[in-house]
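Build the complex: two chains, separate frames, hints provided.
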Amino acid sequence: MYHLKPQSQVIFITFPNGMPPVLKPTTTPVGTTMSSESSKKRKPKVIRSDGAPAEGKRNRSDTEQEGKYYSEEAEVDLRDPGRDYELYKYTCQELQRLMAEIQDLKSRGGKDVAIEIEERRIQSCVHFMTLKKLNRLAHIRLKKGRDQTHEAKQKVDAYHLQLQNLLYEVMHLQKEITKCLEFKSKHEEIDLVSLEEFYKEAPPDISKAEVTMGDPHQQTLARLDWELEQRKRLAEKYRECLSNKEKILKEIEVKKEYLSSLQPRLNSIMQASLPVQEYLFMPFDQAHKQYETARHLPPPLYVLFVQATAYGQACDKTLSVAIEGSVDEAKALFKPPEDSQDDESDSDAEEEQTTKRRRPTLGVQLDDKRKEMLKRHPLSVMLDLKCKDDSVLHLTFFYLMNLNIMTVKAKVTTATELITPISAGDLLSPDSVLSCLYPGDHGKKTPNPANQYQFDKVGILTLSDYVLELGHPYLWVQKLGGLHFPKEQPQQTVIADHSLSASHMETTMKLLKTRVQSRLALHKQFASLEHGIVPVTSDCQYLFPAKVVSRLVKWVTVAHEDYMELHFTKDIVDAGLAGDTNLYYMALIERGTAKLQAAVVLNPGYSSIPPIFQLCLNWKGEKTNSNDDNIRAMESEVNVCYKELCGPWPSHQLLTNQLQRLCVLLDVYLETESHDDSVEGPKEFPQEKMCLRLFRGPSRMKPFKYNHPQGFFSHR
Amino acid sequence: MKHQTSTLPFLSVFLEPPMGMHGQVLAAAKEAEVFQALQRLHMTIFSQSVSPCGKFLAAGNNYGQIAIFSLSAALSSEAKEESKKPVVTFQAHDGPVYSMVSTDRHLLSAGDGEVKAWLWAEMLKKGCKELWCRQPPYRTSLEVPEINALLLVPKENSLILAGGDCQLHTMDLETGTFTRVLRGHTDYIHCLALRERSPEVLSGGEDGAVRLWDLRTAKEVQTIEVYKHEECSRPHNGRWIGCLATDSDWMVCGGGPALTLWHLRSSTPTTVFPMRAPQKHVTFYQDLILSAGQGRCVNQWQLSGELKAQVPGSSPGLLSLSLNQQPAAPECKVLTAAGNSCRVDVFTNLGYRAFSLSF
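If you read the sequences in order, they're chains A and B.
Mapping of the first sequence onto full-length UniProt numbering: position 221 corresponds to residue 221, and the numbering continues sequentially without gaps.
Mapping of the second sequence onto full-length UniProt numbering: position 41 corresponds to residue 41, and the numbering continues sequentially without gaps.
Isolated chain B (complex conformation) (with noise of 0.2 Å):
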């Protein structure tokens, strides 16, 4: 290639203000480019909740970020990445979202120290704000202690929360106020269960015990300390109890101890499932035992002990499970799994994983 003779004028003077402003937007957009991968690479997904209506999943993750999947646009034919992607993704609190329940109008969520209401039917629209938020009556502390589980006691239209303060709260949600105090746990309680037939809540907790509340009396009916029956006390991970799920007289537990299913009324172990993983979500689902934990998979249990199935999924680790059971929505009917990853695994049957919805 040839050059003619440089005829270009001496000294010029900038023909345009500089205007670099191109090269620092460049650097910055890729910053927030890694920040967000960042963000998604070390996301944990605590908590989900299925909407009244089963179309809708809401999942909530440790920023404090609360998600709305359409099941439906998903699991429908014609279903694209995108509709795999959150309708919509909202800050609900500054913590974690450690727990979420769904009633036939609200979504309920509860992260540090307080819990959060938000009406299913406006949720989806942009920049929702919540529609009551409470706060349990804790005693002063350095530091605002966790909700990690909410239940819901239909019967009462009451809500129990438990957590970092070692209590179970109960709330009316007629009217908002705290009712009771359940105190007797020595360390923060990690799961809530509900007796069906009778008005009887269990709480597992890190000190290691399962007990039983009668909420007419409000009374503490029975304890269970599980790490002190040798058939399932696993020393090296801890005494907590991580899951706990309960069925009429039949209650299953895990978490540092082995996956244990109980008797309650003669307290006494009946089956210790032989998992070395501890536990972190454990439910009855027809006759089987559906359990997650450390590990990829979603175990299946038969009642005897015997493994019937282990379904991997994409997360390292499992938190929560859910069973879209509403019967509002029956092709929506899918289990759910989410952990640590942006991810929300969706099973279509219990034989496999289907695709996974993402942050």
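So here's chain A without its partners, still in its complex pose (with noise of 0.2 Å):
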């Protein structure tokens, strides 16, 4: 696109041969527009104006603005963009027509041709002419349009702006309206009497029912002043109450004064009472006094306490209870602990700093724990028990505060000094005096299922290393104190009962006084039988003749490692009945030669699980019962036959018994073996029993049945 300059001017030539009127451009270079025209490539067009009037009338317009200044802006507004057109189409065409003819010419040649193409060169410059001009118009054209539209742009951009201005308008003020619509007054929470109330109670000039029937504005109003009047009324009597409460407080305080100042002097009366309370075998004060260190106690010493106090006095008058340790401490128990990181820290500031202070090394840190999880509670209750000939059994019971058991700690003492024979060394043993009171409770595992788990955190493998400190956690313990652990399995009722203690008391006690008594016996009976005396009571003498020649030797005690390594004790190992709770002891009997050991097996149950012995004879060979059937039958005699050799109740006297018994079947054994005819000399042992005969049945047994009045021997 090109611009025209607006000063070049068109003339408008009517041709006389009929030829289309050509716009004639007067000052013009031509030559750039040409080129300008080719280089676009245009082809030539031919503008034909058609009609003569249009011709007529824009040739009078030429001439009006030809006077003052031509303008083709103007004339672009005048001319009709059609009929330029159709000018453009024609002057295309005439030119076309006008270059074939000057080729035409051209080629024919000759000397009037030169003429004629000037002829047509020159109408073809007119022709060009009006094509530039024609050009020139449609720019203007084009300016024209474009300002147009921009100008009808920046219109519309104004309203669109004004529009939205109006919009945002509209959109706030809704805002507004939305805000005020929604406005809350805080007297709609006021809860107010009801309507018709206000109206019954209130005065009139507050409720001024003229106006405000009608006004509910004037009517919420007047309602408001309502309430308020009558909260000042309420503030008042409020305060009123206040002030009499204070009054009712100090009253109170004077006469707790009174109270305290009362208490010491009833102490006094009571002091003063005691003596009398003594003299009238009447211990309310003292019993008084350790019930309120039982309340002290944990749940299931004071079950415990509770119970041996009640079985104490009721069947047992020789059962003496007391509470030990420490009410202070029992008390620090109770306090909330303020630091409660843990479970296990009960501990005291003391021992805390010990604590911080060991800190560095793993183990002390472990040791620590285990302490703490062993940890007993401060009180113990102390239940001594008296038996007839005046020894005392201490048994003094224990709780496991982290472990939840109760461990008891027993000691026997006499009315007299005993001199201790080394055999009896464990008979009476803190260890062992209770082990098996029941079958099986040798108090060496815990009895709560939970401890195991407890045990594993720091790495206590059985409590059985700490029994010998702590004491032994006997089932019937727990028993005792009314803790119930059901064996194998997970759940658990671990609750203190009284019932679960009481229906043991009795039994319990009973067996502890057996126990006791029993003990006390066989330390008395080894006390001689460590000088190779086998005491025999008067009322077991009948199961014996009178002359017993064998003597027992030795009694000593043996390990339980030592007895299952012996070679004749195989069978009582294998039949099970030598566990690691009994008591083994090695007894020797001699006659002349011949030597009978015997192990003894001494279970904790005794005297009502008998003893069991196991023979070896040491005479011209060695005989145990897989050799020799005699050496079994006196087994036999001693083992199964026991029961005729316990005496009278409660057969204390049975283990002297079997040994006894054990002297007269080797007595019998002895005199009764056939004599070899063919070694010489009489023979070691004269047969000095009667004895109706020497053997019987196919085993050859040997007459070991004594019987009593008569004095003979005779065979089971």
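Fair warning: there could be bad hints in the mix.
The following residues of chain A were derived to be distant from chain B, with all beta-carbon distances above 12 Å [unchecked claim]:
| id | residue |
| --- | --- |
| 1 | D147 |
| 2 | A209 |
| 3 | N244 |
| 4 | E278 |
| 5 | K369 |
| 6 | I612 |
| 7 | T624 |
| 8 | L692 |
Capping the alpha-carbon separation at 30 Å, the derived lysine-lysine pairs in BS3-like fashion look like this [claimed, not checked]:
| id | chain 1 | residue 1 | chain 2 | residue 2 |
| --- | --- | --- | --- | --- |
| 9 | A | K411 | A | K289 |
| 10 | A | K409 | A | K457 |
| 11 | A | K317 | A | K369 |
| 12 | A | K111 | A | K89 |
| 13 | A | K705 | A | K595 |
| 14 | A | K524 | B | K30 |
| 15 | B | K155 | B | K84 |
| 16 | B | K84 | A | K570 |
| 17 | B | K30 | A | K409 |
| 18 | A | K643 | B | K129 |
| 19 | A | K388 | B | K30 |
| 20 | A | K683 | B | K228 |
| 21 | A | K444 | B | K30 |
| 22 | B | K85 | A | K570 |
| 23 | B | K30 | A | K510 |
| 24 | A | K411 | B | K84 |
| 25 | B | K125 | A | K445 |
| 26 | B | K30 | A | K705 |
| 27 | B | K129 | A | K386 |
| 28 | A | K570 | B | K30 |
| 29 | B | K333 | B | K55 |
| 30 | B | K85 | A | K643 |
| 31 | A | K200 | A | K232 |
| 32 | A | K237 | A | K186 |
| 33 | A | K570 | B | K80 |
| 34 | B | K228 | A | K620 |
| 35 | A | K570 | A | K595 |
| 36 | A | K689 | A | K554 |
| 37 | B | K30 | A | K643 |
| 38 | A | K232 | A | K256 |
| 39 | A | K510 | A | K444 |
Treat the hints as calculated values from the structure; they're not laboratory data.
Ideal Cβ positions, reconstructed from N, Cα and C, are used throughout, including at glycine.
Next up, the structure:
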């Protein structure tokens, strides 16, 4: 696109030979236009202007403008673009025709041809002029169109902006409206008395019925007024009540002071009455004190204390119950721990410090944890059980707080000082005196299944390493304390239960007494056994012949392991009768060159469970139950037929009777041994016993049975 | 663990009547358990007998009990521990049951002075009572003599009893009367044996003699005083003859003297078996001699005196062997051995001990 100079002029010329009018530029450098025209590759077009009137009109306006200035821009407004287009097409056609003619002429050649060509060239020039003019007009039109569009667009933009402003305003106003609509007054939250009540109760100067009846706003205001009035009155009342309360409190204070001053006075009266109580054998005060201490006992010990006291009062006057330990420490335990860091730390400040000081080593830390876990309650219950012969069994019951089990330590004291035989060392030792009071209850394992998990945490393998220090957790102890641990069952009912304790109290106390008595009896017997004397009481004398030649020469205790290793005790071990809770002894009975060894298993349940003997005779070779039927028969005489050796109840003489019986049996065995005719000389053991027959039955038994009044021996 | 302040009431009374029975029952149970273990430990099984059907074995012990074991159940392929226990155990005698034999319907058991008969068919029921009970005519004595051996004589349907009174008594099984008394032994009799062909009975006793009796004449026909023969005499063990077995002209006996094979017609010892321990039971089996006694083993001898095998059992000493050869139960053909324990060893073949039945 290019702009034409506004000064360019067009001259319309009418051709006489019917040729269409052409625009003729007067002052325009033709060359440039042409080149631009050709560069645009526009086909030459001929514009035909048809109709003379249009021609005439144009001519006129042309002439009018010629006078002032020539404005093509104005001309543009006047001309019809459609006609200009027609003119353009016509001019192009004409140009084409002229060019064709010129070519035709040039190809013919000749003299007059030059003139013809010249003429045609002039005509073509005129057409070019017209084209140029049309081009300029087109450009002007385009510009104009653009300006118009731009103007219109600006207008539209302005309108749009205005529209947006208006919309925003509308929105803002709407918001304001909703705000107003949502407004809530404070008075709506206040609970007002109902309308009827208000008109009934409020004085008329507040209610102003005539004004407020019709006007809800005024009505609300009045009701609020009334509310305020009422609240003021209530506040006044509240203040009055407070002062009243103050007064009463002061009164209470005064009365309390009076009561506390009463306590010491009563105490002094009690103190004064003590001698009277003692004089009258009514230890109310002492019992009361114990009950006071008992309040600080942990539940299991408390159950034990109550039940033992009750049992002592009701059934057994020889049982005395006492509480030991520091009450203050127990009280300290009940205080809520200030720092509840974990369950295990009930420790007081002192211990806390020591643990902190030692913290560096892990082993020591674990050790402290163990100690903490095995901690006993500071209070313990002492039971003293007196037996007939004035010996006393002291039982001290402890409660392990973190393991929730009870333990017992036992001690036996006798009226007269006992000379302790070496072999009786274990009989009354606190470790074993109560072992297996009930079958299988050896008190080395914890009865609470939960404990094993606790032990795992701190690396305790079994409780048995600690029982010496802590006491034994026998099952019956738990039962006396009302603690019930179901065996091999996951659910637990570890609640201190009075009925459980009560149901076991009597049996256990009786068992305890029997145990102590049988142990004391054994203790005494052992003393003489060690001196080679088998004590036979007069009421058991009838079991044995008057003359017994075989003598007990040795009575020693042996270790369980040593017993297991003896060659002639295999049967007992195999039969499972040699558990490690038993006590083991070795007796040696001699007559002449014959030596009879007897290995003895003493069950802790002696004397209801008999001691078991295994024999080995050293005489003319070694004879045991596996190679001599009569040795076997002798064992059976003391082990199986023990019931006739029990003596009077409670059969404390069983062990000594069995030993004496062994002596008799050895006599019979040796005296009845068939004499070997081939050996010269008299028999070592002449037959002194009266026997009906020497041998009997397929296994050639000897007459071991003693018949009391007649004094002869027969077969069983 | 923290416990709360005890709020239990003071002076609580017994909530329930004391019921301490539990502890006592427990102690009594333990006592009974120990007693039972001791009884088992000191048990001796003196005698055995196989039922006529061959499927059951009766065993009698020193407490006078007889236990019936089911051999067929214990030998079956689906045998459990249970089937090695007695089917039924009952108290048969007051004293030990020294000897038992079976007729085609009855089990005869003998102990202290009396012989009892039991019906095999009824014994498996609980609470079985003896069919009859007989006591041989003893001269009055302070002690009732025991019966150590029973012997059936099928030909004349009679039973021979021998034991503590040094005599052989024959009893007619039809009428239950004692018909003859054979006197001769000077001490009590241990064992009896029957010669199959001729009606002759052998008896061995504590006096060290084996006597041969003719049943028709009720006379002693031959006496062999074993201890007097130097080949087999062992004075330190005593003279007694503990076991005896016979097969036509041959007789084997042992006890205090060594186990010896005798030729009866010539009364000469032909083979002395080299066994130090006294033997308590001996029997012929095919061309072997089986013997048992002190020691764990069942010994198998060739007739020439060679020890063919020694099969260990579970008891420290054996008192009786029993070969179940009843044709009715070929699957139960076993050797059983019992003695100084509560177990009866069962040998399915002669080579080894398969298992033990136990009281």
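Evaluated hints:
At roughly 99 Å, the least C-beta separation between D147/A and chain B is larger than 12 Å, which holds for a residue marked as non-interface. Distance check for A209/A against chain B: the nearest CB is about 65 Å away, which clears 12 Å, and the non-interface claim stands. For N244/A, the shortest C-beta to C-beta distance to chain B comes to about 36 Å, beyond the 12 Å cut-off, and the non-interface label holds. For E278/A, the requirement that its beta carbon stay farther than 12 Å from each beta carbon of chain B is met, with the minimum near 22 Å.
Look at K369/A: its CB is around 14 Å from the nearest CB on chain B, clear of 12 Å, so calling it non-interface holds up. In this structure I612/A is not separated from chain B by more than 12 Å, as the shortest Cβ-Cβ distance comes to only about 7 Å. Distance to chain B contradicts T624/A as a non-interface residue, since its nearest Cβ pair spans about 9 Å, not more than 12 Å. Residue placement check: L692/A does not keep its beta carbon more than 12 Å from all beta carbons of chain B (closest about 5 Å).
A C-alpha spacing of about 26 Å is found between K411/A and K289/A, which places the hinted pair at or below 30 Å, so the restraint holds. For the hint linking K409/A to K457/A, the alpha-carbon distance of about 27 Å falls within 30 Å, and the restraint holds. For a cut-off of 30 Å, the pair hint linking K317/A to K369/A is broken: about 43 Å separates their Cα positions. At most 30 Å may separate the alpha-carbon atoms for a hinted pair to count; K111/A and K89/A exceed this at roughly 33 Å.
For the proposed pair K705/A and K595/A, the alpha carbon gap of about 21 Å is at most 30 Å, so the pair holds. For the given pair, K524/A sits about 26 Å from K30/B by alpha-carbon distance, which is consistent with the 30 Å threshold. Among the hinted pairs, K155/B with K84/B is inconsistent with the structure: their alpha-carbon atoms are about 36 Å apart, more than 30 Å. Taking the CA atoms of K84/B and K570/A, the gap is about 24 Å. The hint holds against a cut of 30 Å.
Between K30/B and K409/A, the direct Cα distance comes to roughly 25 Å. Compliance with the 30 Å bound is thereby established for this hinted pair. A distance of roughly 29 Å separates the Cα atoms of K643/A and K129/B; the hinted pair therefore holds under the 30 Å criterion. Proposed proximity of K388/A and K30/B is supported: the alpha carbons are some 27 Å apart, at most 30 Å. Restraint check for K683/A and K228/B: the C-alpha separation of about 22 Å stays at or below 30 Å, so the hint holds.
Proposed proximity of K444/A and K30/B is supported: the alpha carbons are some 19 Å apart, at most 30 Å. The straight-line distance between the Cα atoms of K85/B and K570/A is roughly 23 Å, inside the 30 Å bound, and the hint therefore holds. Taken as a hint, the K30/B and K510/A pair is honoured in the structure, with Cα atoms around 18 Å apart against an allowance of 30 Å. Taking the CA atoms of K411/A and K84/B, the gap is about 49 Å. The hint is violated against a cut of 30 Å.
Distance restraint check for K125/B and K445/A: the Cα-Cα separation of roughly 46 Å exceeds the 30 Å cut-off, and the hinted pair is therefore not satisfied. A hinted pair counts as satisfied when its Cα atoms are at most 30 Å apart, and K30/B with K705/A qualifies at roughly 28 Å. In summary, the hint linking K129/B to K386/A is not supported, as the alpha carbons are separated by about 54 Å, beyond the 30 Å threshold. Note on K570/A and K30/B: the hinted pairing holds, with a Cα-Cα distance of about 22 Å set against a maximum of 30 Å.
Between K333/B and K55/B the CA atoms are separated by roughly 9 Å; this keeps the pair inside 30 Å, and the hint holds. For the hint pairing K85/B with K643/A, the CA-to-CA distance comes to about 28 Å; that is within 30 Å, so the pair holds. Distance hint between K200/A and K232/A is fulfilled; the C-alpha atoms sit about 19 Å from each other, no more than 30 Å. Taken as a hint, the K237/A and K186/A pair is honoured in the structure, with Cα atoms around 26 Å apart against an allowance of 30 Å.
The straight-line distance between the Cα atoms of K570/A and K80/B is roughly 27 Å, inside the 30 Å bound, and the hint therefore holds. Of the supplied pair hints, the one linking K228/B and K620/A holds, its CA atoms being roughly 24 Å apart against a limit of 30 Å. Annotation: proposed proximity of K570/A to K595/A holds, straight-line Cα distance about 20 Å (limit 30 Å). Simply put, K689/A and K554/A have alpha-carbon atoms about 25 Å apart, close enough for the 30 Å limit, and the pair holds.
Of the supplied pair hints, the one linking K30/B and K643/A holds, its CA atoms being roughly 16 Å apart against a limit of 30 Å. The suggested pairing of K232/A with K256/A is violated, with an alpha-carbon distance near 37 Å, which exceeds 30 Å. Among the hinted pairs, K510/A with K444/A is consistent with the structure: their alpha-carbon atoms are about 22 Å apart, no more than 30 Å.
Violated hints, listed in ascending order, are 6, 7, 8, 11, 12, 15, 24, 25, 27 and 38; each of the other numbered hints is respected by the structure.
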